[in-house]
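J.: Listed here are the chains, written in short residue letters.
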Amino acid sequence: MDAPTSHEITRLLGELNRGNRDAIDMLMPLVYDELRRIAGRHLGHERQDHTLQPTALVHEAFLRMVDQDSCQWQSRLHFLSVAATMMRRVLIDHAKARFRHKRGGPGQQKINIDDMNIAVEERAVEVIAIDEALRKLALLDPLQARVVELRFFGGVSVEETAQILELSEATIKRYTNSARAYLHMAIYRGGKAGA
Amino acid sequence: MTGERWKQLRDLFDEVLEQPVSLRETFLAVRTKGDPQMAGEVRELLASYAESESMLAQPAVKGLEALLQPPAADPDAMVRGGSAARPHDPDATIVAGGGDADLSDTGGMIGRRVGPYRLIKKIGSGGMGSVFVAARDDRQFEQRVAIKIVRPSMNTQQITQRFLQERRVLAGLEHPNIARLLDGGTSSEGLPYLVMEYVEGVTIDRYCEEQRLNVTDRLKLFRTVCDAVHYAHRSLVIHRDIKPVNILVTAEGVPKLLDFGIAKLVGPGTETDAGLTVDTAPMTPEYASPEQVHGDQVTTATDVYALGVMLYRLLTGRSPHRIEKNTSAALFQAIASREPLRPSQAVVAKDAESASNAATREGSPERLSRSLAGDVDVIILTALQKDPARRYASVNALSDDIVAHLDGFPVSAQPDTVTYRANKFIKRHTAGVAMAIGLAAALVMATVTSVYSADQARREKLAAETRFQDVRQLARFILLEFDDELRQGETSARKVLLPKALDYLNKLSVEASSDPGLQREVAEGYLKMGAIQGDLYGPNVGDSQSTRGHYRKALEMAEKLAAANSGSEADAVLAAKSNSMTANLMALGGDRRAALPHYKRALTLLEPFAARNPNGPPAQLQLEVSQRLGCVDYQLGDTPQALANYTRALEIARRLAKASPTNTRAVRSQAAALEGMAEVYTRMGKPAEALPKLTEALAILEGILDNNPTQPLVRHGVATGSRVLGDTLAAAGRHADAVAAFRRALALTEELAKGDPRNRQYQRDIPIALGRLADVLLQTGARAEAHDVTKRALTALWPLVDAAEPQVYDLQQFVWLLVTTPFDGLRSAARALPYAKQLVEMTKGTQPAMLDSLARAYYGVGDRSRAVETERRALALLPPARPGETASALRRELEENLAKFEGAAKPAAP
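Line order of the protein sequences matches chains A and B. Sequential numbering of the first sequence, starting at 36, is according to my numbering. Sequential numbering of the second sequence, starting at -16, is according to my numbering.
The shape of chain A in the complex, shown without the other chains:
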C-alpha cells in the first residue's frame, strides 16, 4: 500500500474518532479493495487446504493500511467495524457473481454438475440467504443485525464486538442466539418473521 493512502486512511480513522460519520463512506472502498487483494494473495498460493480467518485478514489489512505511529486504540475498533461491513460486501459480491456466471454466462453448457464444487455452492447459497435475512432483521433492530455482521462476517471476537457496540458481552451472546433463531426462521420457514 502506498504511503499517501496509508496516511489518508489514518486521517479518515481520526475523523471517525472525532465523530465524523462521513469518513466511513470514504473508508469503505479503500478497505474493500485491500481486503480482496489480501484474500487473493493468501489463497493464491499452492496450498491445497485453503482456509481463511477473517480476523487474520482484517488484522493484516489494518497493519498494512493504517499508519501505526499515529494510531489510537479506538482506531482499531473503528477499523474492525468498517472491515466487517466490507468483508460482508466482498463475500456477497463474489457469491452472487458466481451464480450469475453459472446461469447466464457463456460457459453454461460446459459446466457439469459433476464439475462443480458443490460444497462451495451450498455454502454460498447459505451465506447469501443469511445476508438477505439479516437485512430484514436490521429493519427490526439495526443494532442486533450489526452484532451478527461483526461476529459472522467480520469474525470479530465477542469481546471486541462488545467494545465496538458498547454492550456487555452477555448481551452480545444473547443477541447472537436470538438472531440465529430469527435468521433460520426467515430463511427456512418461508420468512414468516419477515418485516
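Calculated from the structure, these hints are not laboratory results. Heads up, some of the hints might be wrong.
Stated by the list, open to error - Result set (PhoX-like, lysine-lysine): computed pairs, CA atoms no more than 20 Å apart in a straight line:
no., chain 1, residue 1, chain 2, residue 2
1, A, K208, B, K543
2, B, K543, B, K583
3, A, K171, A, K131
4, B, K827, B, K16
5, A, K171, B, K(-10)
6, B, K820, B, K(-10)
7, B, K45, A, K131
8, B, K669, A, K208
None of these values were measured; they are calculated from a predicted model.
For chain A, the structure is supplied; the task is to place chain B on it using the hints.
T.: Below, chain B without anything else, positioned relative to chain A:
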C-alpha cells in the same frame, strides 16, 4: 412485525431459553397469558434455534475461500475447485430399500439422467424422497450406485436442508460397515441428490431369520453394527434412527449402516448450544428413546438405546415394549415409564410366537431363555435404561460387554459381586483356581491371569477392572471423606481432583440401577461434585451450569430412594440435602420463590427424624436449612417468617452446641442465626434490638478464629460478621464505630482473596465491604476517602457484572452505587440502566429492591414516567403496612422515592 414487537419476542425467547427444557412450555404459557400469538412465535423461534445449531458457528468466509481466489485466465477455473466425487469402487455392493414402500414411478423418473447417472429402478421411498438404482453410463463398464433424490413436490427448503445435512455428515464417514457417499449435487431440475454405494442385501432382522442364526452369531453380527455406530460417534455424528430397516446385510454377511437422514452433528463447538437443544427431528416410534419421546436432548446414549431395542428384537423376536393397545400413545407411555420384560422371560411366553421365534434361534423356548438369562439380560436392560446417564457410557462399552460375554469374561454391567467374578474365573481357569485361593483379590487377578492367559487383550481387561475398583475406592475417598478437609483449603486442589471423581460417578451411575447402596453413593457423589463446582456458600470454582446438572441428578435419585424407603433416616437426610442444595442454587441465581418449596420439602423430610433424635444428623441439617430459609425469607421481604426461621435455627444450634461443645459447626451456626436475626431487626428499623445479637455473634466468631487462625472459612465468618455489625452500627447512627467494623471486614476479606485468588466469593466480598465503607465514610464527612473507596468498589465490580453469569447481588450493588453515589464523576444512571434492567429480568420482577434501583436509574436518565411506574410496581410487592404499626424502613424509602419521582413527573405532564 414491528421492532418493538420483535424486541419483546426476543427478550421472552431469551428468558425461555434459560429455563430447563422440561419447564419451558409451562413458563411460556404463564408469560404469554392472553397472547397466544406471542407464544406461537416464541415456539417457532425455539424450534428454529434448535435446528440452526451450525448456522453462525463459523465465520461467513469459511468454506467460501475458493470464491475469493484471484480470477484465472479460464473463467471456469473458479467454479471447478475440488470435486466431491470419489473414485468409484467397481465391486460396489448394494441396497434394497425399505420393503413395503411405494415403489411406483409416480414422478416418471425412471430413465431420467441425474448428473452423469441414469435412473434404472426405484428401490425405496421415504418421507423426503426416493432411492433409485442408477448407473453411470459414460464408462466402459456399467457401475451401479444408489441415488437418493428429493421428490419434486417435496423440494422445500427444510427438506433440502436435511439433504445437505446428510451429505455433510456422510462426507466425513469412511467405514466398511457404513454405506459410503460417492457423490452429490443438484439435478438440472434443481433437485438435490446423493450418490451412495449400492448395497445389495436384506435388512438385518430378515437376514438373521433367513440364516437361522443362533444367539451367539446374532450377537457377533450385532457387535459389528456397534463398531459402525461407535465410529460415527467418534466422528461426532449421532445417527438418531437406528433400526433394522436401516441396516442391510450383504450376501457375504457384512452389515452396512444406511440413512443418516436425520443424523445430528455434535462436537466441542456445539456443546453449550446442545445443552439447550430440544430435539425436533422425526423418529421411528418403536425405536425411539425416552428422551426423544420427551423432546429432551439427544446424545450418543440415544443410539445406545436404539441399539438395545434392536438387539432385544433380534434375540427375542419381540418388541421390548409391552403394550395392550397398539396405539402410539400406549407405546410412548411404555417407552417413557414401563420397564421392559427381561429378554430371557419374554421368550418363554406361552404362545405360538414363542415357539416360532425359538425355532429360528436356539430350537426350544427354554434353551433360548437359558442362553439369554444372566449376562445378555443385563446387557440389554442396561442399554434400555430410561435415564440416559444410566445406560452404557458409550457404544463401545456396550460392544465390550458383548465381547466379554462371548469370551466368558465378566461383563461390566453385571452387579460386581465377588461371587460373580469368582464364578466367571473358575469357569475359565479350572486348573488355576487352587493357586488363586488365599491371595488378596487384586493380586489374584493380576498374577494368575498373567500366568494362565497369554492373551494380551484379556489380561488388560482384567487389569482395567482391578483399576476400576481402585478408582472407585480412591474417588469415594476424594468425594465423600477427603473433601471435607479439602473444603477448608484452596480451590485449585479441588479442581484437579474433579475429572477423576466425575469419571468415577459416571461409571458407577451406569451400574447403580439395581443396587440401592450404590445409588445412595452415586447421588451423594453428584451432590459433592455439584458443591465443588459451584456452591457459592463454600469455597468453589464457579461453574453453576454443571452444578445445576449434578444437583438435578442427585435430587431425582435421592427422592426416589426416600420414597422407596420411607423409614430410612439416611435416605431422608440425603433427599433433604439434595432439596436444600438445589434451593441454595436457585436462590443464588435470583429465583428465590422457586427455592422456597425445596427448603420446605427438606424440613418436612427431616422433621420426624429430628424429633426422634434431637442431636443427630437430621437435626444438624434442619439447622442449616432453617438458617438458609430465614435468609431467603429476609431477602424476599418476609420479616416475620425470617425471624421465625432464624429463631428455630438458633434453638437447634444452641442445643447442639450444648450437647457437644467441640462441634464447631454448631457453635458457628449460633453466630449465623444471631446475625440473621440482627439483620432482620435492622431491616425492621430496630437497630437497638439488633446490636446485642450481633455483639454476641461476633464474640463467638472471634473465639473460633483465635482457636483456628488458619481456617479460611472461619476468617470468612468473622469478615461477614464485622460487616453486619458495621451495618447495624451505621443504622444506629454510630458511624465512626461502623467505619472501624467495615475496615476490619475489608482487611479480612482482602487477606482471604490473596490466599485464594480464584475464589469468586472472595472477589465478590471485596466490593461489598468497600461499598459499605464508602457509605459510612460519607456520613462521617470523610468525602475524599469515600470517593476513592467508591471508585475502588466500582472497579472491583466491573468484571463481576460482565461475567457470563453475573450474580444478582453484584449487579444490584453495581447499579446501586452508580445511581446513588453523590460523586458527580462516578454517578451514571445511563451506565446503570442496562444492568438494572438485567437485574429485574433475572429476578423476574419479584424483588422490590431491584425494581427500586431500576426506577432510580430511569429517573436518573430523565425517564420520569417509567421511574414512577417502576417504583409503583416495587411498592405493590411489599406487604401492606398494618394499621397501628409503622411502615418498614424499605417501604418508607420507596414511598419517598415515588413522591420525588411523581413530583418531578407532574410539571412535565401537560
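J.: For each hint, tell me whether it holds in the structure or not.
T.: Okay, the hints, checked on the actual structure:
no., hint, in the structure
1, A:K208 to B:K543, "38 Å, violated"
2, B:K543 to B:K583, "18 Å, holds"
3, A:K171 to A:K131, "19 Å, holds"
4, B:K827 to B:K16, "16 Å, holds"
5, A:K171 to B:K(-10), "14 Å, holds"
6, B:K820 to B:K(-10), "14 Å, holds"
7, B:K45 to A:K131, "16 Å, holds"
8, B:K669 to A:K208, "45 Å, violated"
Hint compliance for this structure: hints 1, 8 are not met, and every other hint is.
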